[in-house]
Amino acid sequence: MIMRPEVLLLDEPTSSLDMEAAFKIEKLLQGLNERCTLIIVSHYADMIKRISDHVLTLKDGRFQSRLPRRSKAKTWLRGRC
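In this text, residue positions in the sequence shown follow the numbering used here: the first is 21, and each later residue adds one.
Hints are supplied without guarantee of correctness; some may be wrong.
Stated by the list, open to error - For lysine-lysine, the following DSSO-like pairs were computed, each having C-alpha atoms within a straight-line distance of at most 30 Å:
1. K44 with K69
2. K79 with K47
3. K69 with K79
4. K47 with K69
If you're looking for bench data, these hints aren't it; they were derived computationally from the structure.
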């Protein structure tokens, strides 16, 4: 973070955390999202719909869909968690 990266790649950043710690990480990611691009791999659809501007989905290891805007991503993810 000291070097102010343009892109951060995060693989399951809240995996195996209790709810309080996961919430803190999510808040941190929301702040970072204002300063750089975050690429997040996660199975937690709730978190993704709260912090993502774009959502790419994979099925069986292959690209399935792209949802370009936060509102569309939230609509698409509704009911999937």
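Pair hint outcome, K44 versus K69 [Cα-Cα no greater than 30 Å]: Roughly 16 Å separates the two Cα atoms, so the pair holds.
Hint consistency between K47 and K69 [alpha-carbon to alpha-carbon, up to 30 Å]: Holds. K47 to K69 sits at ~13 Å (cutoff 30 Å).
Distance restraint between K79 and K47, which requires alpha-carbon spacing of 30 Å or less: holds, 28 Å
Given hint K79 paired with K69 - CA-CA distance at most 30 Å: Judged against 30 Å, a Cα distance of about 18 Å means the pair holds.
Checked against the numbered hints above, the structure violates none of them.
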